[in-house]
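Number of protein chains: 2
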Amino acid sequence: MDWKQQMRALATRSREAARALAKWDTTSKNAALLAMAAGIEQAAATIKVANAKDVEAGRRAGLSAAVLDRLTLTDQRIAAVAQAVREIVALPDPVGQVRREWTAPNGMRMQKVSVPLGVILMIYEARPNVTVDAAALCVKSGNAVILRGGSEALHSNLALAEAMRPSLPADAVTVVPTTDRVAVDELLKLDDLINLCIPRGGESLIRAVVEKSRLPVIKHYKGVCHVFVDRDADLDMAEKIVINAKCQRPATCNALETLLVDEPVAAKFLPRIVRTLRSRRVELRVEERAQQYVIDGSIPLAEIRLATEEDWSAEYLDLILAIRVVAGLDEAIEHIAKYGSAHSDAIVTRNRDTAEQFLREVDSSSVFWNASTRLADGGVYGFGAEIGISTDKLHARGPMGLEDLTSYKYVVVGDGHIRE
Amino acid sequence: MDWKQQMRALATRSREAARALAKWDTTSKNAALLAMAAGIEQAAATIKVANAKDVEAGRRAGLSAAVLDRLTLTDQRIAAVAQAVREIVALPDPVGQVRREWTAPNGMRMQKVSVPLGVILMIYEARPNVTVDAAALCVKSGNAVILRGGSEALHSNLALAEAMRPSLPADAVTVVPTTDRVAVDELLKLDDLINLCIPRGGESLIRAVVEKSRLPVIKHYKGVCHVFVDRDADLDMAEKIVINAKCQRPATCNALETLLVDEPVAAKFLPRIVRTLRSRRVELRVEERAQQYVIDGSIPLAEIRLATEEDWSAEYLDLILAIRVVAGLDEAIEHIAKYGSAHSDAIVTRNRDTAEQFLREVDSSSVFWNASTRLADGGVYGFGAEIGISTDKLHARGPMGLEDLTSYKYVVVGDGHIRE
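From first to last, the protein sequence lines stand for chains G and Z. Each residue of the first sequence is one higher than the one before, starting from 31 at the first, in the numbering used here. Each residue of the second sequence is one higher than the one before, starting from 31 at the first, in the numbering used here.
Next up, chain G with everything else stripped away, as it sits in the complex (with noise of 0.2 Å):
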């Protein structure tokens, strides 16, 4: 058999897997879980043998030591893993939930019911935590799931798929045994078998999925996230949630990319937050109408790098902040639905008016009044577990928990209603 008729033979018993797993109650499922990750644990050897050949062959292919730290498992890690599949254990089943119960108007009783999805393709880069997280969230949820992880991973991969697969259905849980192209090429035209491809990863990866995909992709390109500074902003609170935007991790699609200011606090506000900014290393492109005010003496002009058109859009993912003066609440609605991803906007003002309009107009999948759009996270957001997120705006928008690994029936009772 080729990969094509293996990738096929393998979502078919995936889907079997699924049908079962459909059926187990909320107790089984949380057994399930627990035996997961027990199993994790007692595997920990074998599983630190496959991860040192990932890791070696990951040395010799050059790669940097960044992605080899991620890639490496170590005892305390592998505990963190099992630790993460236990928590889950705690949160509320989301199948079987009755999102709606009402009476048809010929007076059959309705429900909207959540089922799983079925089969769930993950397609990641080199971190096997996600081979594991993946896992127990799509067991929790019902779903069969098919993992691709990088090929860096692919013996750590296999070796925790193995560790978790005995307390479940055959094939619940598979790892793609194969880092050919061919195999998930063919994965994702497998429409008939396969409900969903949760691609994580860059924005290149998730571009080519996408590209190639039959399935349904939710997915998440990139976070253009602002913060706007009104007239009426508290400015110490400013000060500390565009810090925090910007520099608490400034490499994750919710950190701050452009900073909004009101033309009435310009003068005031960023003086003083461009000496902070700089004193924590972040890199300016600043606009014309705001130049004026950044140039204070203390900086040299030669440091103030003006924006370009292509700065309001970018993603930096680093230590550099395009910095605008804006007219008003209007100019910086404009300028987020014009140049933003539509990912996670925040506002800070002390006017509930003000903070409503932003909050009713700009179209993100989170808005933010006086906090910072850091803070968008599943965990946060208190979803228990996050699987991604999502800039798509069907399905799931925003940071995607177990919820959104359901779908839903309508289940009917009548008294021999028929259609008249």
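Note that these hints are calculated values from the structure, not bench results. Worth double-checking, as some hints may not be accurate.
Given that identical chains are not distinguished, each listed pair holds provided it fits within a single copy or across any two copies.
Cross-link-like lysine to aspartate or glutamate pairs, in silico, DMTMM-like; alpha carbons within 20 Å at most [said to hold, decoys possible]:
no., residue 1, residue 2
1, K242, D221
2, K53, D383
3, K242, D222
4, K242, D215
5, K59, E391
6, K53, E364
7, K78, E345
8, K34, D348
9, K252, D221
10, K53, E192
11, K53, D360
12, K219, E192
Could you slot chain Z onto chain G? The hints should help.
Frame of chain G, contents of chain Z only:
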């Protein structure tokens, strides 16, 4: 400008219209709907002139009488179409609904609020009433819509849109002004401007759209619907439901295609249902185990055609029914899982445990207990209006109402909250 450029320009204007419409409150949208209805009535003469052009061209092109009838707009039909718009006024506004409200672990106040999707592309066949229904549903849900109806109805659709537009933001409702396929192919690529495509029509139209589209598509392929008559069924009720599901409107997607009969009641139920079906001129495709119960002397053997493997997955859309005897509930569920289309499936039984297992384990968008599959419909369910019916599991499943034309955003209110 060629069609490609024109379509990008058109979709860009739709996007602007969507932003304008998203700001409208319920009162404004309802006022616009009433004005749209009045506009259609006032333009009745103009609409009929345009429609006569389409009908005449259709006649010359040799369209069937049925298609010509669907295409024709009379005063009465124009009034009915306008009335349907007025009925949407009474439905609740799906935008701005707080779907969930809670406090995050760090104390932020959280809301999950419904928002319009943005721009929706409808692709459909020769019924001009869809032009008005879709426009009205999109306006109520705050979405701009691009309508690409059947080429046979182009003049009618343009005239209807013209009559609806004056009360709306410019370009909120747009009929693609050409039947050139280059135009629609280009629209299907504009995933930066259009949020969703809903094709309505035959399976080949829908498959062609899915094949070409880079947009998310919510679609309906086919309905291979089952009724399972369980050993504990009330056989009078079973007969009533089977006849209704098969005969009331056989060309619809929720009509019955395969009847499954539990072995213990086959001898009692099959002869009577077959007599009634034959009196309704239903052709039968009978599985071997069922054959013995069907031949009761009154039916010539030559008329009992054996079912082939293809019959189990056929969507006849006609007065044809496949019949199979199964050894019990589990075999019925297996049959539906293997051959069904996950659209609408029913069980007839007085046994609650049996029914509950069926409702739980059959993975279809609607599952019925003691009711006809023909009842799978947004109107019957009380949604007030239906934009389509989905056989997908992502975003929307089953009959789609106004709510399914929305996405959501997370509205987060902090007090200077930052990520620690």
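We went through each hint and held it up to the structure:
no. : hint         : result
1   : K242 to D221 : both (12 Å within a copy, 15 Å between copies)
2   : K53 to D383  : between (49 Å within a copy, 15 Å between copies)
3   : K242 to D222 : both (16 Å within a copy, 18 Å between copies)
4   : K242 to D215 : both (7 Å within a copy, 18 Å between copies)
5   : K59 to E391  : between (42 Å within a copy, 17 Å between copies)
6   : K53 to E364  : between (49 Å within a copy, 13 Å between copies)
7   : K78 to E345  : neither (36 Å within a copy, 53 Å between copies)
8   : K34 to D348  : neither (40 Å within a copy, 37 Å between copies)
9   : K252 to D221 : between (26 Å within a copy, 15 Å between copies)
10  : K53 to E192  : neither (23 Å within a copy, 52 Å between copies)
11  : K53 to D360  : between (52 Å within a copy, 13 Å between copies)
12  : K219 to E192 : neither (26 Å within a copy, 41 Å between copies)
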